[in-house]
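Using the hints, build the complex out of the two chains.
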Amino acid sequence: MKINEVPQDPKDFKEGDKLRKLVYAVDSEGKYTGVNSAGWDAENTALKQAWDAVDEALSETEAKVRSGELSPIAYFMQKNLMDLPLLAKYIGKWKWQVRRHMKPAVFEKMDPTLLQAYAKVFNITVDELNSFGKDK
Amino acid sequence: MEKINNTQQQHTAPNNFIHHQHAHCESGVTANLLQHYGIPITEPMAFGIGAGLFFGHLPFLKVSGTPGSTFRTWPGAIFKRVTQRLGVNIHTENFRTPEKAMLALDETLITNTPVGMLSSVFYLPYLPEAFRFHFNAHNLVVYGKENGNYLVSDPVMENVSTIAPEDLAKARFAKGTPEPKGYMYYVKEVPATVDFAKAVQQGIKQTCFMMLSPPVPWFGNKAIFFLAKKIKQYPAKLTPRKASLYLGNIIRMQEEIGTGGAGFRYLYAAFLQEAAQLLKRDDLQVYSEELTKIGDDWRNFAYHAARLMKDRKTDLVSYDELSQLLITCGEKEKDFFKRMNKLQW
Numbered sequence: 000m001k002i003n004e005v006p007q008d009p010k011d012f013k014e015g016d017k018l019r020k021l022v023y024a025v026d027s028e029g030k031y032t033g034v035n036s037a038g039w040d041a042e043n044t045a046l047k048q049a050w051d052a053v054d055e056a057l058s059e060t061e062a063k064v065r066s067g068e069l070s071p072i073a074y075f076m077q078k079n080l081m082d083l084p085l086l087a088k089y090i091g092k093w094k095w096q097v098r099r100h101m102k103p104a105v106f107e108k109m110d111p112t113l114l115q116a117y118a119k120v121f122n123i124t125v126d127e128l129n130s131f132g133k134d135k
Numbered sequence: 000m001e002k003i004n005n006t007q008q009q010h011t012a013p014n015n016f017i018h019h020q021h022a023h024c025e026s027g028v029t030a031n032l033l034q035h036y037g038i039p040i041t042e043p044m045a046f047g048i049g050a051g052l053f054f055g056h057l058p059f060l061k062v063s064g065t066p067g068s069t070f071r072t073w074p075g076a077i078f079k080r081v082t083q084r085l086g087v088n089i090h091t092e093n094f095r096t097p098e099k100a101m102l103a104l105d106e107t108l109i110t111n112t113p114v115g116m117l118s119s120v121f122y123l124p125y126l127p128e129a130f131r132f133h134f135n136a137h138n139l140v141v142y143g144k145e146n147g148n149y150l151v152s153d154p155v156m157e158n159v160s161t162i163a164p165e166d167l168a169k170a171r172f173a174k175g176t177p178e179p180k181g182y183m184y185y186v187k188e189v190p191a192t193v194d195f196a197k198a199v200q201q202g203i204k205q206t207c208f209m210m211l212s213p214p215v216p217w218f219g220n221k222a223i224f225f226l227a228k229k230i231k232q233y234p235a236k237l238t239p240r241k242a243s244l245y246l247g248n249i250i251r252m253q254e255e256i257g258t259g260g261a262g263f264r265y266l267y268a269a270f271l272q273e274a275a276q277l278l279k280r281d282d283l284q285v286y287s288e289e290l291t292k293i294g295d296d297w298r299n300f301a302y303h304a305a306r307l308m309k310d311r312k313t314d315l316v317s318y319d320e321l322s323q324l325l326i327t328c329g330e331k332e333k334d335f336f337k338r339m340n341k342l343q344w
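Going line by line, the protein sequences match chains F and A.
By numbering that gives the first Met the number 0, the letter at position 42 of the first sequence is numbered 41, and the numbering carries on one by one without gaps.
By numbering that gives the first Met the number 0, the letter at position 29 of the second sequence is numbered 28, and the numbering carries on one by one without gaps.
Pulled out of the complex, with its shape left as it was, chain A reads as follows (with noise of 0.2 Å):
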């Protein structure tokens, strides 16, 4: 009798829910997520799957009065992705009104499922300060309910939080560019076993597309050169204060809390030698460290455009160097996606 107690406590428990901190939130949350239902799945290996890599510059697209950059592919993808590509069984939902969302988020809840979730970090209490903008496409993880107050894994913290009702209603019916509309995402059923080897296929094929393969000039590899383009441009078209605002937002996008470091570079250089390892194949820890060579380019190109934001000078040689710098990258990379899209699976 005792026994059977014991047991049905540790089932209703939210506790038995194991926070990691990752360096991205949605691969984290993807990871942490599946680690919960025994798949032993890694950040790096869930960004991989998911094909998280990209890169894309959205001039028309103004965030707070700067043109858009991105490391990232966009925000759902990765769980989406790596979810379909392990055979996961999973249930996403968007909501119209803040009390259906938390009523579903409850009604969940109780069954003991942690629950992901999209939401704003400016509505996140807390998060520092420092990082809370209106990003409204932040991942975290609900996995429980004590004294009226949400249970919170949110990946990129060290350490679990707690969120009033109040609060994380407002966060995930933030409005702007994207509206995250409560919408919430959570396992349903793993398979016995997945097949991991057929998982990081994909996920590399579909990497190498997305970077290689879109015919404007905003999205993938291309969009490399068309922001070295316009930084060139930036002295004769800006004004100091905007070049170097502008400048700025790059430099959060490439290196703030969320990429790893270097745009996301390192962290799926870590995915390729961990698939090097588990495929026992030689050529990926190849690419991997190549990669880590090309994510050393980008933090050398953020630690310039650094420089020449405090500097705040539209000195025109060295935008052009900076420009120059980016083009690298851009080439390098070219080359290195040209390749590991021919590999032979």
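Bound conformation, chain F alone (with noise of 0.2 Å):
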């Protein structure tokens, strides 16, 4: 790749905008320099998409936290771009405990310290949580 061929495509969605970072091209000479890049078409197609999936799947989720199907547990997880076997990680549970605790029948019933730790992993207050889509 060449220094003029450095791609400079603007990842315009989250931010994405304020880096620029680092790749290495061939001057006239040959000769390696770093050159700034804003981004580059393809690269930042595959970052958007993946992206989106995250933005679609938690807008499924909000909408079963909402009807009830689901406990606030379940959007903040996938708000947080965590996975079950991840939450359960970081919450110190079993997978099939903190799978229980997306119900909303379990969620209402919960222990204060466990919606506390709950509540400090998703880096939110208890009240927070508690109260998500249980508005309007």
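Please keep in mind that the hints were generated in silico from the structure rather than gathered at the bench.
Remember, predicted model here, so these are calculated numbers, not experimental data.
Rough simulated footprint, nothing fancy, chain A against chain F, three-plus residues with beta-carbon under 8 Å:
id : stretch
1  : 8-21
2  : 24-32
3  : 37-43
4  : 48-59
5  : 81-95
Positions of the beta carbon are idealized from the N, C-alpha and C atoms, including for glycine.
Written out as structure tokens, the structure is:
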């Protein structure tokens, strides 16, 4: 790749344009140098697609929390880009236990200490965790 | 008296650490740390001596539902190899608890020693959100503490940043695969002179070995053909959406922030060029130019993969063609490393 071929396609989502990464390219004499790049269309599309998949799944889960199918734990797990094994590790419980906590009936009766632990992992307050999906 | 005070201040000020932006986090941290101790080493040099170039495809290791691919060696290897090969004395340490890890960091910073460490990008608020996934093998340097916050030199960033202690503790103790467990490292002692020629030779030999010799299909040059075979099967085995996400992940591993372009191939070609000048060997310059062209082939593969990904059509012909583009990369690299492996030193 030559210096004038280094793509400068902006990453115009989720603050992606705030960072201009370094890539290596050759100058007219064939000498390698580091060049800043805003991004490349191919790579931007791949990254955007990954985020779109996250956002899509998140809004599906949000709807399920609002309709009473799932507890807010399911929503905040996805919001923090976690899956069940990862959340179970963070909370120090078995996967089947965490899966149970995603049932609204179980969530309602959950121990305050455990609620606090979940809120801490999600970087929110217990109030935010409890009240999610209950408005409107 | 005044003069003594001045020099003392210079030594305790954390700001004497010079931040340079680099393409890749670990080779960047290695270069920045060693430069701090007066060893004139660039990022490509660190990457090459540390034998950073690699390839791997692990369908059984799913990262958020997609099979993992890698274009580089495992985390921690580059820093270890470079310091070993240059005779630099280092300290590395893991911790059981965040409290112990943060205390050890503070104690090391007091001695005015910049500290390298592993972290999860998800918990680094100074990074733009677009890049913050649960990637747990990101390297950065903490070079001081000011007003309760840590001063960070993150090699992928253009400038230095700061981070709150609670965020850094989270980043250092992220869970998942791999787990950083507070892993930190710093330079203890540097030799008076370093032998770059020997280190370059060891690095090149190891890279050839790692690319050519793994007897399993998931690592080294063989894995490129393995992935090509998998891609060919995508239309038959996966839904269009899955196939598209799988392709997207390969492109990201190859081109996203941290690789310097073409899955580290340009970075390695830059190393070969520098090695050619240092050792006055024209043959290495020829290898550099050849790898640049192979890098262009990888870019071509990513370009076509992105087009297919956008379309989301499981058109058999296009996946076949894409697989063929990858096979071309694999065959050229196989020939490349086989010849480079026979270099006389």
